[in-house]
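Asker: Okay, here's what each chain looks like letter by letter:
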Amino acid sequence: MTNALVEAIADMREEDALALAKKQLADGTPPLEILDACREAMAVIGRRFEAGDCFVPELIMAGEMLKQISELVKPKLTEAAQAQKLGRVLIGTVEGDIHDIGKDIVTFMLDINGYEVKDLGVDVPTAQFVEAVRDFQPQVVGLSGFLTLAYDPMKATIAAMRAAGFTGQVMIGGGQIDDQIREYTGADAYGKDAMAAVALAKTWIGA
Amino acid sequence: MATVTSAAALDAGKTAQQLLGERAKRLQDALQLKQPDRVPIQLGFGYMLAEMGGITRQELHENAAKEQELLEKAALEFQPDSAMSVYNNPASSLAIGGDRMTRFPGHGLPPNGSFQFVEGEYMKPEDYDDFIADTGDWAVRKYWPRVFPELGGLALLPPLGMAAFGHYNLYNLGVIQAPPVVKSLQFLAKAAEAQAVADARAVSSVQRMAALGFAPPTFMGALVEAPFDFMSDTLRGMRGIMLDIHRRPEKLLAAMDKVLKFELEHAIGWCNATGIKVTFIPLHRGSDGFMSLPQFEKFYWPTLKAMQLALVDAGIMPFVFYEGVWDQRLKYLAELPKGKTSGLFQFSDIYKVKEVLGDVMCIAGGMRNSLLQAGTAEEVRAETIKLCREVGKGGGFIMTTGIGEMEGCKPELVKVWVDTTKEYGVY
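Going line by line, the protein sequences match chains A and B.
Taken in order, the first sequence gives residues 4 to 210; the numbers are from the working numbering.
Taken in order, the second sequence gives residues 91 to 517; the numbers are from the working numbering.
Because the hints were derived from the structure by calculation, they are not lab data.
Everything hinted at is true.
Calculated lysine-lysine pairs in the DSBU-like style (CA-CA distance at most 35 Å, straight line):
1) A:Lys-70 / B:Lys-214
2) B:Lys-214 / A:Lys-121
3) B:Lys-500 / A:Lys-158
4) A:Lys-158 / B:Lys-163
5) B:Lys-214 / A:Lys-77
6) A:Lys-158 / B:Lys-156
7) A:Lys-195 / B:Lys-341
8) A:Lys-195 / B:Lys-395
9) B:Lys-367 / B:Lys-483
10) A:Lys-205 / B:Lys-442
11) A:Lys-195 / B:Lys-214
12) B:Lys-476 / A:Lys-158
13) A:Lys-158 / B:Lys-442
14) B:Lys-476 / B:Lys-428
15) B:Lys-442 / A:Lys-195
16) B:Lys-388 / A:Lys-195
17) A:Lys-195 / B:Lys-505
18) A:Lys-195 / B:Lys-476
19) A:Lys-77 / B:Lys-341
20) A:Lys-25 / B:Lys-214
21) B:Lys-483 / A:Lys-195
22) B:Lys-124 / B:Lys-351
23) B:Lys-232 / A:Lys-70
24) B:Lys-505 / A:Lys-158
25) B:Lys-124 / B:Lys-104
26) B:Lys-388 / A:Lys-25
27) B:Lys-421 / A:Lys-195
28) B:Lys-428 / A:Lys-195
29) B:Lys-341 / A:Lys-70
30) A:Lys-79 / B:Lys-214
31) B:Lys-388 / A:Lys-70
32) A:Lys-26 / B:Lys-214
33) A:Lys-26 / B:Lys-341
34) B:Lys-500 / A:Lys-195
35) A:Lys-70 / B:Lys-348
Only chain A is shown next, with the shape it has when bound in the complex (with noise of 0.2 Å):
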């Protein structure tokens, strides 16, 4: 039964899946049995994703497909469902770029792949990664950039972090980013994809 909700939500049959988990909800299935479901499926979609088999449509259908049924669960759930995460990043568009689809795509798939990804969104200026590298103790922070004018804003950030004690990993990334630019800013590396995000992740940190 949970594998129907799996297939359902991975090969994006939208209204199968969400009645599905209606279903399965009415029938008595522990509501984190059903959360676990979407996870599967999110881990199936992460592999499609990185295989080249699924895009950007099928990333945000399938964060459509499991908001409604985390909303559906919800009222249901007794206990704290969260799984052991294996470690933190921060993540921001940095100060004067206001691009987010690169930045969210990283979040998304760092996310399924079992990192607690803090996200301060688009814009950032220097002092608030300051503030969140000393507040939220990341290991890695991923810099994004979509325009050129993020290059500096890209170096002055590191520079801030490094002065202030940051003594973990940076990743950027974003349209107009090549190793150039990583040596540039200072960064430690910089990634083409989401998938070399979570590749770079799990080096530094561990899978």
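With the hints as your guide, set chain B onto chain A.
Answerer: Just chain B, lined up with the frame of chain A:
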């Protein structure tokens, strides 16, 4: 390639008129897939002009005289074949009382911010039926009031289809005197006036540059988008359009068919009216990574290809900005008629682009912005020589930066780039 010649010696002693003729021909030859005398280079200075002139980006956008002065100064200093300033202009957006989908320096951004779009779901899923049934009516009465705060009064207008009621519809005209409608129409008139001034300045800028010996940039022309991007960028937004692919594919396809028709009517009309037979088509969601190839084949490529073919049939050259990475999609572009379209490639593997499309279309781009900002003179020189030799081979290549603009680029590296192109780009 012929023997290496010093850059300065090439153009020495020529009049502005001679230079203009040579440069315009150089760009035209490349666009027609012919081999010019040397690789043409076009500098889209963009915000680099503000950096060089020590002014804010806001001032660059809003002080046209200063902008022109800086453009002329930079063009004379670097001596490219053609040069341009920033592409987007805030004049009409400011005059209309602001719009929710853009942010310009000094308006929702710091004075030295960079122009950006704010994507949103400005068209809701439930709007599709109205959009398909009567796009114009929906746009004027429902969409404009949503995205332009000062045009809210237009929501009071009766359905625009009532205009076909001839004499009887005159009895409906009283509503145009309603204060919210009057106010909206006044803002619309102010925006029209501001845009007309900006258009006149753009024309005079091209004329000024021509008088100094610089050819018109290839970015000119009518502006349209791939129908998928039209539905995505200013209407459904990224999240909305991606959900539409799964939730309402038939409606999305029907809407795109409508968009294709009126975009073509607009572009062909614009080109015929101005005599500028070029249409600029910046692309967004067709890039590798957003959708799968089957989705691309169903939702993106058919209308984009049809658009380009229709423009070519009308004697118009599409100048297409293949933004992002198109490495997995080059084979589709190879279906386009040879020598009739042109493409600016941002982050695609430019050498592979040459291999697959070298005999299909003129290729613009090549130079990475990151190299001009953070590279060394030696790296810039080596990359430029490689680009001239490999992508420039046989002609059909216009050297520009991959994004066509140059904010943050170091002037000394730009000089190395231009001079090396002139030295090693000679055929």
